[in-house]
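4 protein chains.
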Amino acid sequence: MVKVAVLGASGYTGGELLRLLALHPKVKLVAATSEQSAGKSVDMVFPNLAGRLSLALEPLNLDRLIGRADLFFLALPHTTAMPAASRLIEKKKKVIDLSADFRLKDPKTYETWYKTPHFDPGLLSRACYGLPELHRSEIQSARLVANPGCYPTGALLGLLPLFAKPAVDPGSVIIDAKSGVSGAGRSPGLAYHFPEANEAVSAYNIGRHRHLPEIEQELSGLARKKISVTFSPHLVPVNRGILSTIYARPKKAIGTAEAVEIFRNYYKDEPFVHVLPPGELPNTRNVQGSNDCHIGLVMDRHAGGNTATLVIVTAIDNLVKGAAGQAIQNMNLMLGYEETLGLTAPGLFP
Amino acid sequence: MVKVAVLGASGYTGGELLRLLALHPKVKLVAATSEQSAGKSVDMVFPNLAGRLSLALEPLNLDRLIGRADLFFLALPHTTAMPAASRLIEKKKKVIDLSADFRLKDPKTYETWYKTPHFDPGLLSRACYGLPELHRSEIQSARLVANPGCYPTGALLGLLPLFAKPAVDPGSVIIDAKSGVSGAGRSPGLAYHFPEANEAVSAYNIGRHRHLPEIEQELSGLARKKISVTFSPHLVPVNRGILSTIYARPKKAIGTAEAVEIFRNYYKDEPFVHVLPPGELPNTRNVQGSNDCHIGLVMDRHAGGNTATLVIVTAIDNLVKGAAGQAIQNMNLMLGYEETLGLTAPGLFP
Amino acid sequence: MVKVAVLGASGYTGGELLRLLALHPKVKLVAATSEQSAGKSVDMVFPNLAGRLSLALEPLNLDRLIGRADLFFLALPHTTAMPAASRLIEKKKKVIDLSADFRLKDPKTYETWYKTPHFDPGLLSRACYGLPELHRSEIQSARLVANPGCYPTGALLGLLPLFAKPAVDPGSVIIDAKSGVSGAGRSPGLAYHFPEANEAVSAYNIGRHRHLPEIEQELSGLARKKISVTFSPHLVPVNRGILSTIYARPKKAIGTAEAVEIFRNYYKDEPFVHVLPPGELPNTRNVQGSNDCHIGLVMDRHAGGNTATLVIVTAIDNLVKGAAGQAIQNMNLMLGYEETLGLTAPGLFP
Amino acid sequence: MVKVAVLGASGYTGGELLRLLALHPKVKLVAATSEQSAGKSVDMVFPNLAGRLSLALEPLNLDRLIGRADLFFLALPHTTAMPAASRLIEKKKKVIDLSADFRLKDPKTYETWYKTPHFDPGLLSRACYGLPELHRSEIQSARLVANPGCYPTGALLGLLPLFAKPAVDPGSVIIDAKSGVSGAGRSPGLAYHFPEANEAVSAYNIGRHRHLPEIEQELSGLARKKISVTFSPHLVPVNRGILSTIYARPKKAIGTAEAVEIFRNYYKDEPFVHVLPPGELPNTRNVQGSNDCHIGLVMDRHAGGNTATLVIVTAIDNLVKGAAGQAIQNMNLMLGYEETLGLTAPGLFP
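Residue numbers (my numbering), protein chains in the order written: chain A, 1 to 350; chain B, 1 to 350; chain C, 1 to 350; chain D, 1 to 350.
Do not take every clue at face value.
Said to hold, decoys possible - Just a few of them, taken from the derived set where beta-carbon distance is under 10 Å, the chain A residues facing chain C:
#: 1; residue: Ile89
#: 2; residue: Glu111
#: 3; residue: Trp113
#: 4; residue: Pro117
#: 5; residue: Gly180
#: 6; residue: Ala184
#: 7; residue: Phe194
#: 8; residue: Glu199
#: 9; residue: Asn239
#: 10; residue: Arg240
#: 11; residue: Thr344
#: 12; residue: Ala345
To be verified - Heads up, simulated BS3-like pairs for lysine-lysine below, C-alpha to C-alpha not over 27 Å straight-line:
#: 13; chain 1: D; residue 1: Lys225; chain 2: D; residue 2: Lys165
#: 14; chain 1: A; residue 1: Lys251; chain 2: D; residue 2: Lys226
#: 15; chain 1: C; residue 1: Lys40; chain 2: C; residue 2: Lys28
#: 16; chain 1: C; residue 1: Lys268; chain 2: D; residue 2: Lys226
#: 17; chain 1: B; residue 1: Lys251; chain 2: C; residue 2: Lys251
#: 18; chain 1: C; residue 1: Lys40; chain 2: B; residue 2: Lys251
#: 19; chain 1: B; residue 1: Lys226; chain 2: C; residue 2: Lys251
#: 20; chain 1: D; residue 1: Lys26; chain 2: C; residue 2: Lys28
#: 21; chain 1: A; residue 1: Lys108; chain 2: A; residue 2: Lys225
#: 22; chain 1: A; residue 1: Lys226; chain 2: D; residue 2: Lys251
#: 23; chain 1: C; residue 1: Lys108; chain 2: C; residue 2: Lys26
#: 24; chain 1: A; residue 1: Lys268; chain 2: B; residue 2: Lys225
#: 25; chain 1: D; residue 1: Lys268; chain 2: C; residue 2: Lys40
#: 26; chain 1: D; residue 1: Lys252; chain 2: D; residue 2: Lys226
#: 27; chain 1: A; residue 1: Lys252; chain 2: D; residue 2: Lys225
#: 28; chain 1: D; residue 1: Lys26; chain 2: C; residue 2: Lys26
#: 29; chain 1: A; residue 1: Lys28; chain 2: B; residue 2: Lys252
#: 30; chain 1: D; residue 1: Lys165; chain 2: A; residue 2: Lys226
#: 31; chain 1: B; residue 1: Lys251; chain 2: C; residue 2: Lys268
#: 32; chain 1: D; residue 1: Lys252; chain 2: A; residue 2: Lys225
#: 33; chain 1: D; residue 1: Lys28; chain 2: C; residue 2: Lys26
#: 34; chain 1: D; residue 1: Lys26; chain 2: A; residue 2: Lys251
#: 35; chain 1: B; residue 1: Lys225; chain 2: C; residue 2: Lys93
#: 36; chain 1: A; residue 1: Lys26; chain 2: B; residue 2: Lys252
#: 37; chain 1: D; residue 1: Lys251; chain 2: A; residue 2: Lys225
#: 38; chain 1: D; residue 1: Lys251; chain 2: A; residue 2: Lys252
#: 39; chain 1: D; residue 1: Lys226; chain 2: A; residue 2: Lys252
#: 40; chain 1: A; residue 1: Lys251; chain 2: D; residue 2: Lys225
Worth flagging that the hints you see were computed from the coordinates, not collected in a lab. Predicted model only: the values in this text are computed from it and were never measured. Just so it is clear, CB atoms sit at the ideal spot from N, CA and C, and this is done for glycine as well.
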C-alpha cells in the first residue's frame, strides 16, 4: 500500500483522481488539498463520493504534508505546480504532475506558451513525459512524471504508429479535435455557462492552443526532426470525451485494412488501446469513465492517388485517459504495480 | 465464486448487469443471452466493454443454460420472464427477475396492468419483492426475487420511514417523478428519437403508469390498509437518473430538521441510502453510475398549518439502484455475501 | 410606429426582447442599454442578431434616453428597476418592467422577499400585474405594467380557470415546476456551469422561491381570500422551457373531459393558450421560441374519491411567454395594437 | 401571393418549410402531403404549429394537387422525388426539390451513389443547383431547382471564394463537418436513440458520404477541372447546426486578415453570409433557426511556410440554410420576390 496525496483536489481532474483512487486496491489516500474548500469534506465538493470517501480537504502546506505520503499527484493550476514539485522531488518523493509545468522540455518553449519563466529548468530536464505507450520504461524509473494533456493524449495515440516507422508525410498532419466541456475545468465562465455551451458547436484557438507544442515536441522526438502540425480544437456539448480526427498523407499507397494492421501491431501489448476493425469508427460514448482509447482508421482514396488521405479517429475520456486515469497508470508503472490496477472498471454506457 | 447467467443481455438493464458483474469479485459470468444479437460478442453490443469482457451472446435455450449457472438474472421483456423463471425455480436455481412479472402479488392486478394472465400464480406468491431496505431478511432466504421497478425504488425509499411509523396522511401522497430516457429502454421510437427528446420536458401516463400498482402494493403492505397515491412520471433529457419529488401531509406539525432525523434513524444502517442535511437537496448527477440513493427533505409550512406539506426528494440512477445495481445487491443478500460487494465504485462526476 | 427602448439589454430577457422586437412591424427600437457592454454593438453580445439588428449598446443614462422613446422595457436587475420606473412614469412614459420590482402589491411582502424597502410604494399601488389572461382590461389602460415572473406565468395559467369559479380546494394546490437553465439568467455560476448542469436534474428553493408570493397574491385576488400553495422549482438540462405540473383536489368529482371543457371555455378567446384534448400532455419542446402556453389535464381518480386529484400540466417558453413575449403582448395591449402583433412566429421544432 | 404545396411534409425538412412558410407574407400554403399522417392536421405532427397553421395533411395524389398550386416543394425521400418532379415540370409548375434527385448532373454519378438509374436524365440536365451564392442568375430563371444538401451548403460557402479565384491547392481540401442529429431525419434508429446519441461524439461514413459527389461537382465546376476532397462527417449531440472546419493549402502566403478580406469581398452583397472579423470563430448556436451562414478564418502558419494551412470554419442551421430556408430563398429568386422575404427572423439565442 502506497500512501498518496492529491494536491489541488477540488477541480475535475482532482475529483476524478479521488474517484479512481477510491477504487485502487493498493493505495491509501492520506491527504487532499484545496484552498477554496479547505475544511470541507471531499463529499461536499464531490457529492458522488458521499459514503465512499470521507476525508477533509486541507490547505496546501507542504511542510505538513511532506511526511505523510510517498507519492504526490499535483492537480494544481499551471505555474503553481512547479515550486511544489521542485520541493517534493528534493525530499525524495515521487511526483505525478497533471499540470503543464513539466511537459515541455525546452524552458524557452514553456515561457513562450505559459508567459512565465520556468521555476526549475534543471528538474524539467529530468521529468519524464508520461505517455506510457511511448515512454513506458522511462516512466518506470522516473521520480517526476509530467502527465500529458488531454488533447495531446488523443492526438499522439493516433499518430505514434505512423511516426515510429515513418509512414506519413510529417508535414501533412492536421488534428481536428472535439472536446467535452469538462476539459475547460471547473471554473464557471460565460462560454461554459449551460445555455451558451448547450446546443452549440464551435471552434476555438485554432493554431494557438497550449497543447500544440506538446504534440509537436513528442512527434519531433519520434521523427528526430522538427515537426509542425495544424491543430484545431472544438467545443462540443458533452461532459466528457475527446474525439480526435487526424488527417495525414501516407508515404505510399495503403488500404484501410493495412492501416488497421499497422496500428494493431503497434498496440498489440497495450492494455488500454483498442484498434477497431475496418469499417468501424470510435464514439466518445464508448470510453466514458474508462481509461480506454479507441482508434478507427479509414484510408480515403476515393479520388485517386494525389488526394489519398489517411484518416485516424481516436476517442478518449479527457478526464481519465486524458488526465487522472493516465496518472494512475503512470503511478502503477512507477511503483512496479500491475499497469492496469484500479483501472479495469468498464466505462458507463449509456 | 458463483456462476451467473444473464438472460436478455442486450438492453440497457442487461448491459448494466454486465458492467457491474465485471467488477464483482465473487461472480463468474458464464452466459449472456440475446435473440437479436446471438453470435455477437458482448462488446459489439456494448462497446464500453471492449477489452473488459469477452463473451459471445447466445440465444435463450434453457436446456443448454440450466446446468451452467447457479443464479440467473432475467432481464427479459415483461410476460416472457414468467415461464423462464418458473422452469429455473423448478430446477432449484436462484433467480432475480428484473422484469415486472413477479412484482405484483395479486395475479388479478398483474392481469389488469399487463393484459395477460399470470403464468405461474403459485410461484408468484413465493416471490420476494426485492427492495432490501424493506424486505432484507426475506430476500436473504428467497429463491426468486422480483427486482423492483425504477420508479417504485425512488418513490418507496422516499416514503418508507413515513409509513413504517405512520407519520403522514396516507391518502395525501403525490409522487412527481422525473426520469432520464434510458428508463424507456433501448428500442428506438419517435418519442425517444434524439431531436424529439432533447431540449424537451414532458409528462406522460399520469395516473396510469404500470409502476403505480407496485408502489401502492408496498405502501399498503406497510400501512396494513389499501393505499392509493397520485403518480406523475415525466421524461427529462438526461441518460440516467430519476428524481422523485414526493408530497405528503404530515399527521402532526414537524420541522425540516425533525423530518431529516426520522429519515436518518430509519436508514442509519443502510449502506446505499444517504440522507442529506437540512437545506440540501439531491441531484441525479451525484448518483450517476452508483447504487446510491440520496434523499433530501423540506417541511414546507410557510403558509401556516393548513397547507403544511412535507416534501421528500430522492435521487437514484434508474439503471443501477433502479435496476441492475439493486439486483446485484439482492444477489449478495441471497448468497450471504457482503451486501455492498461489487457496488462500492463511486458514481461518475461530472 | 412606437419608439421603444430596452434598458438592461445584455441578459437573456433583454436579448429575447431584441429578437422579438426586430420582428414587430410597429416598433422602432431606438436604444438598448448595458453597463458591461456599453459601446459594443448588440450583435457582439447576441451574435444571432448579426445582420438583423445594428445598434450600439449604451450606458443607462435616463436624462439622455427619456426624450428618445415613448415606451420603455426594463430588463434590469431586481431593486434597480424601481428608481428608473419611478422617473419614467413621472415623465409620462409607458413602462413595462420585467423585473420583480412592481409585481408584489404589498410593500412589506416585497421587503420580506427582496430584502430592501420598496423605492416607490405609491407607484406600486398603480402598477398592473401584466398577465393578459387575468388583467387584460387593466393592462390596456396601464402606464406601468409589472411583467409576471416565468414560474408564476406557467403556474397561474394552469390555475385561473379553477379559481375564477372555485372548483378546487384552494389549500390543496401543489406546483411542481421544471425549468430550463436560461431561467437562471446569463451570469455564470457553478450550478449553471455546463458540466454541472448537464445530465443533472435537481430541486431547489422548495417553499422559499421568490416567485411564490407572486403566485399566491394573484390566486388570493381571484379567490378573495388568502391562498397558500406549495411550490417546488426544479432545474432540468434544457435551455428554454418551464413545465409546471400542478396538483389540486377538486371540490366535486369530475372527469378529465369535463376538466378540459372548463379550461377550453375559460380560454376560448385567448390567442396564446392552447388546451390539449384529453389524453394529450404538453411538452416544452412544442412552445420553444413561441409565446404559446400549452395545457393538458388529467383527472386522476384511479383509487376512488378520497384520493381524486386533478393534475394540470402547462408548458411555456420561460423567455417568451414567461418574459419577453408576454412583455410585448402587454405592449400591444397598452398601445391598442392587435394583441398578437409580432408574436405569431411558430416555435422552433425540433 | 403564390400558391404553394409541400409534398412530404411530415419530416423535419417538411416541418421547417411549414414553419417558415407560415411567416412568409407572399405565400399561400394550399396543401401539404404525408402518407403516414394523411388525415391528421399539421399541428398533430408538428405541435409547435398549434394555433399557427391549420391544414390537414393529405396523401400524395398529383392529379388532385396539380391544379391547386403554382410552386411545389418536394421534401420527399430520395428516388421518390424524381417522378413527381418530372410530372410537375411537364405541367409547367415550378419545383424546388429538397431531395438529392436533381443535384448530381451526371446520371452515372447519381446511379453510383443512389443505387438506382435516374428517372429523367433529360430533366436532370435542366435542373439548377440551388446555391444562390453560386448560381443566383440561373436560379432566377429556373423551373426546377435542386436544393443543395446540408453538408454541401456549409462546405461550399467556405470554399467558393477560394475556388472562384484560385487561391488554394485544389487537391489539398479537407472538410471536417460536425452535424446535429436532425440532419439524420425523423425516422428513429438506434444510432439516434436519445441515450445513444446524447453525450456522444462520433465520426461516420468518412470518404463515402452521399454529399461528397455534390461538393466535388460544384468545386469542379468552379475550378474547371476535376476536384477531389476529403470529407469527414461527424455526429454531435445538438438538434440543429453544422459546423464545417475546412483545411486547404494556400497557393501563396497570406495572413488571416487578408483571408478575411477575400471572403468579405466575395460575399459583400450576400444577405445571409456573415464573415467574422479576424480572431472570431463561428458557433452553430448563433445561427440556430435562421438562414444565416457565419464564416471565420484562421491562417495557421505558426510553424513556417511548409505547414501553412488556411482553416475556414462555417456554421449553418442544417434545417434552414441547409434545407428549408435555402429552398425559400430559391423560391424568392424564382418568383422575383425580394430574396430575404420571410427569412429575416433572427435565430434563437440561447
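Exercise. When you check the alpha-carbon spacing of Lys251 of chain B and Lys268 of chain C, does it fall within 27 Å?
Worked result: violated (42 Å)
Exercise. Given the proposed pairing of Lys226 of chain D with Lys252 of chain A, does the C-alpha separation stay at or below 27 Å?
Worked result: holds (23 Å)
For this session: Would you mind confirming whether the straight-line C-alpha gap from Lys268 of chain D to Lys40 of chain C stays at or under 27 Å?
Result: holds (22 Å)
Exercise. Does Arg240 of chain A pass the interface check with chain C, least Cβ-Cβ distance below 10 Å?
Worked result: holds (8 Å)
Problem set entry | Supplied contact hint for Phe194 of chain A, tested at 10 Å Cβ to chain C | holds (4 Å)
Exercise. Taking the closest Cβ pair, is Glu199 of chain A under 10 Å from chain C?
Worked result: This interface hint holds because 6 Å falls under the 10 Å limit.
Exercise. Is the hinted pair Lys225 of chain B and Lys93 of chain C satisfied, with a Cα-Cα distance of at most 27 Å?
Worked result: Between Lys225 of chain B and Lys93 of chain C the Cα gap is close to 64 Å, so the pair fails against 27 Å, i.e. violated.
Exercise. Lys251 of chain A and Lys226 of chain D: Cα distance at most 27 Å?
Worked result: holds (23 Å)
For this session: Could you grab the alpha-carbon distance between Lys26 of chain D and Lys251 of chain A and see if it respects the 27 Å cut-off?
Result: Distance of about 58 Å is beyond 27 Å: violated.
For this session: For the hint on Asn239 of chain A, just tell me whether its beta-carbon gets within less than 10 Å of chain C.
Result: holds (5 Å)
Exercise. With 10 Å as the cut and Cβ atoms as the points, is Ile89 of chain A at the interface with chain C?
Worked result: Where the cut-off is 10 Å and the nearest Cβ of chain C is about 33 Å from Ile89 of chain A, the hint is violated.
Problem set entry | chain C contact restraint for Trp113 of chain A - C-beta distance below 10 Å | violated (25 Å)
In this structure, the hints that do not hold are numbers 1, 2, 3, 4, 11, 12, 16, 18, 23, 24, 29, 30, 31, 34, 35, 36, in rising order.
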